[in-house]
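Q: Okay, here's what each chain looks like letter by letter:
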Amino acid sequence: MFDDFFTRALIAGIGVAIVAGPLGCFIVWRKLAYYGDTISHASLLGVALAILLNSNTTLFVFIIATIIALSLLLLQARANVSADSLLGILAHSSLALGLISLSFITWIRVDIMSFLFGDILAVSVPDLLIIYVGGSIVLGITVIIWRPLFAGTVDMELAKAEGVNIRLYDFVFMLLVAGVVAISIKVVGLLLITALLIIPAVTARRFSSGPEQMAIIASLVGVLAVISGLFSSLEWDTPSGPSIVLSAFCLFLISILPIWGLKAYYYRLNSKLNG
Amino acid sequence: MQINKNLLVDLTNVGVQRGKRWLVRGVDLKIDLGEILTLIGPNGSGKSTTAKLVLGIINPSEGQVQRNTTTGIGYVPQTVKIDWTLPLNVRRFMRLTNSINLNQIHAALDLAGVMHLENEQIRNLSGGEFQRVLLARAISAKPKLIVLDEPMQGVDFNGEIAIYELIKDIRDELSAGILLISHNLHIVMASTDKVICLNGHVCCSGTPKVVASSKEYKELFGVRAVKELAIYEHSHDHTHLPDGSVEQQKET
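If you're matching them up, the sequences are chains A and B in order. So the first sequence is numbered by this note's numbering: it starts at 1 and just counts up by one. So the second sequence is numbered by this note's numbering: it starts at 1 and just counts up by one.
Pulled out of the complex, with its shape left as it was, chain B reads as follows (with noise of 0.2 Å):
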């Protein structure tokens, strides 16, 4: 088998139980330098767990997870708390797991729009202007693959919009492989090569075109009340239970 040097994370059938409870289960997933991955599912259908998965920061119950972990990895998490204890500018939190120099991190806080907070505490920044100082953080030392969990929390639309063009140009800069976490599709699209649907487990991937000119796509973004929610029903092979578990229609 012929190795590819660009391939960055390879996902082969992996599985996360937690007592009897599977979080993810039978997730395929390929991430390749320079291409955009997004990750969409409504809460709880694992697409935090699977992007622990791929950062190595929780091991497969079942599956395989290959990880190039030399290209150096940023990573923008969903929470973090900063405790009034703790004494922390934006300086000094952009050489959290690096010792970049000055010039890497202005050069960081820049691409992300943010220079100006560079002595803020982190404790005052808004949500959005936080969100902007993790983006910056996780570009600072140039990896080659960056993992985003819902990097628009407590930003407004046009914030988000501006932080997906972010997104693009970091990917255009350093040629990195990103995946991206999100659970609004619509604003996702444009910027994206790939899409994997998620609940539980694999529902449906493709590129954004083929989900979008699909029957599915248009009855899910057409009607806005449903959008939400039906975007997981789109493949109408299977059921979900209340459980969580998947149960197969039966051909007819």
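So that you can see chain A by itself, here it is in the shape it has in the complex (with noise of 0.2 Å):
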């Protein structure tokens, strides 16, 4: 069944949909988007560094996106500048280190547009067991850290109060963040992950009253995404990382259309969940 690269795609997609939604909530909740961005552009230096050493692109691009997250706090906790600005700073001058890097591999072609929008049509047997083995590792962390990472997220003051270890799970966040980038980065490509992260989670958020129900609908937005958006890519003949997240900006829209019946109607259904 593997042998087709339509199917291929399918599963792929498919696999980091599921890990991207859990992950794409705490970004929402925490406001973290331009932190996903950030880490994401930083991954290219990864790619670039995979090719010079001929090695693994998904352990480069984990290794490098650690680094940056760490400097990230390094950084915030020594320098006087905002937070927003140093991301900005970081995620622009790692994007264009690691197209310089690009540009001076000249003995292999290589397709930077790939990197940058992904390319879910030339996924390989390997690469689903990267992404399904790796999406195993972060889901299953996502999900042992769970309560303490969502309590550090509603109040930080209170969970550390109450005994939370917020340095130990904010750190092991951002290797999740980490994770989720290196495996996404053939799906969607690095320009397109924070899209992949965000959007289903906030077009969840309104079919939710708590939190997990958010986790669990943003993978199944994510997965739906995934699914009409290869298939209007076959279809249309559109380039399929884009085609993903403009069906998932699709759903989005869908989400925030003010049909009263539905809102009345999912009201209703999660009174009746919750009692």
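Think of the hints as simulated: they come from the structure by calculation, not from any bench. By construction, the Cβ of each residue, glycine as well, lies at the ideal position given by its N, Cα and C atoms. A hint or two may mislead.
As the list claims (entries may be wrong) - Partner residues are not named here, just some residues of chain B that face chain A (Cβ under 8 Å, in silico): (1) Pro77; (2) Thr85; (3) Pro87.
As the list claims (entries may be wrong) - Listing some non-contacts, in silico: residues in chain A with all C-beta distances to chain B over 10 Å: (4) Tyr34; (5) Asn54; (6) Thr66; (7) Leu72; (8) Leu73; (9) Asp84; (10) Gly88; (11) Ser101; (12) Met113; (13) Leu168; (14) Met214; (15) Leu224; (16) Ile227; (17) Leu246; (18) Ser255.
These two chains come separately, so use the hints to put the complex back together.
A: See below:
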């Protein structure tokens, strides 16, 4: 069943969407959209390094993303620059550094576009393995640290006062974001990863009455966006990564439609589920 | 030295410095099991900072903080902002840091008188309702130390008295040590064992009876208009300069 490139693309996309759902919720709750952008922009440097050293892309993207996340923590503690500006500086400096590093690689023809916007139709069986093994690890850790991570998200000081090791969980969360960026780069590309994290999460918000519910719905919305995006890409011959993001956006638009009957229905459904 | 088993927190000459400014300095404070200690002071007097020292959220720049951390801590912060993007109902909020069961949740909500709000979204609660839910959450795992940072915000006068009654009940029920932060001394009086007046440092402390029967107290609370500010002027051995530093008054 993995012989067909389209099947592989679907399986890869669904895997990434499932992992992106819960992490995307945390990025939305913690207002870290720009942080996600920074990590993914910086990952181009990882791509360049992997090609230079003839090594695994996912691994190097993960390493670079982790280094960027750590230096962000250090700089935030030292410098008197706001986190917002700091992210902007790091995001674009590392993107520029990545592009320049890639320009030195003259012996292989590197298709930059495939890293910027993804190349899901070129997903191989080993790629699938990386996505599913890596994704399971990321998702598994997310489930394990869910309660303390969520407590720290609602109120950092309250969680800390009641014994949650905030620093540890924040650090693990950064590693998880680095992980999801590393496995998504092939699917939607580094410029669109944040979209796959954020749009399904925000879309899920309207239909959720609890955080766990929102995480699951976000995964489902992501899966729906991948399936409809890939099929429309096949139908109209559009680039796959952007098609997935655009489908997610359409789902978001549908979710904010003022269909009051629908809203009341969901409200009833939610109160039934909770009580 | 004998170790006091009932001692929950012991702050010795503690200070917190941010930049060149001392938020609080020279604070001595002890909280025992079954004791309600009230911190009063004006805005910016370091009440919340002191509470965060007690909770271990921040570390002191000088002095010693000893905490008995094995007992479990319940905390009602001054503000908790729940963003729209966060769907969260009261029941899930109760389980934020503890995996308590439904019976414990119901018991705590019942004690705080907000059983009927169990399935409500946190965002839809009124200020007073949210304060009671915060209180219920803080006591749900039966901690031995409870820190309440202005738990009467957004609560009307009758509600305020009810919450103080509730805090007393909680103390009796859990035999917990409670640190209560307030800027409203005259309501707190009836339900507290010890009062510390804070204004960057400890201005005065004692049992509410001692404070209430003192000449300063009558001066403070007899005249309504001056009560809020005058509270902190009652020990006349020093004055507060505009930059926040303290000048000892010279003997005449």
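Q: Run every hint past the structure and note whether it holds.
A: Hints versus structure:
1. Interface hint status for Pro77 (chain B): upheld, as the beta-carbon distance to the closest one in chain A is roughly 5 Å, under 8 Å.
2. Restraint check, Thr85 (chain B) versus chain A: the minimum CB separation of about 5 Å is within 8 Å; hint holds.
3. For Pro87 (chain B), the interface hint holds, the least distance from its beta-carbon to any beta-carbon of chain A being 4 Å, beneath 8 Å.
4. For Tyr34 (chain A), the shortest C-beta to C-beta distance to chain B comes to about 15 Å, beyond the 10 Å cut-off, and the non-interface label holds.
5. Every CB of chain B lies more than 10 Å from the CB of Asn54 (chain A), the least distance being 43 Å, so the non-interface label holds.
6. Every beta carbon of chain B lies more than 10 Å from that of Thr66 (chain A), the smallest distance being close to 26 Å; the non-interface claim holds.
7. No beta-carbon of chain B is positioned within 10 Å of the beta-carbon of Leu72 (chain A); the least distance is around 22 Å.
8. Consistency note on Leu73 (chain A): stated as away from chain B, and its beta-carbon is indeed over 10 Å from all of that chain's, at 18 Å minimum.
9. Non-interface status of Asp84 (chain A) relative to chain B is upheld: no Cβ of that chain comes within 10 Å, the nearest being about 17 Å off.
10. Every CB of chain B is more than 10 Å from the CB of Gly88 (chain A) (nearest about 22 Å), matching its label as outside the interface.
11. Taking the minimum C-beta to C-beta distance to chain B, about 36 Å, the non-interface status of Ser101 (chain A) holds against the 10 Å cut.
12. Distance to chain B confirms Met113 (chain A) as a non-interface residue, since its nearest Cβ pair spans about 33 Å, more than 10 Å.
13. For Leu168 (chain A), the shortest C-beta to C-beta distance to chain B comes to about 14 Å, beyond the 10 Å cut-off, and the non-interface label holds.
14. With a least beta-carbon separation of about 5 Å from chain B, Met214 (chain A) fails to lie farther than 10 Å from that chain, contradicting its non-interface assignment.
15. A cut-off of 10 Å between C-beta atoms confirms that Leu224 (chain A) is not in contact with chain B; the least separation is 20 Å.
16. At roughly 25 Å from the closest C-beta of chain B, the C-beta of Ile227 (chain A) stays outside 10 Å, upholding its exclusion from the interface.
17. Every C-beta of chain B lies more than 10 Å from that of Leu246 (chain A), the closest at about 22 Å, which supports listing it as non-interface.
18. For Ser255 (chain A), the non-interface assignment is confirmed: its Cβ lies about 13 Å from the closest Cβ of chain B, beyond the 10 Å cut-off.
Checked against the numbered hints given earlier, the structure breaks only hint 14 and satisfies all the rest.
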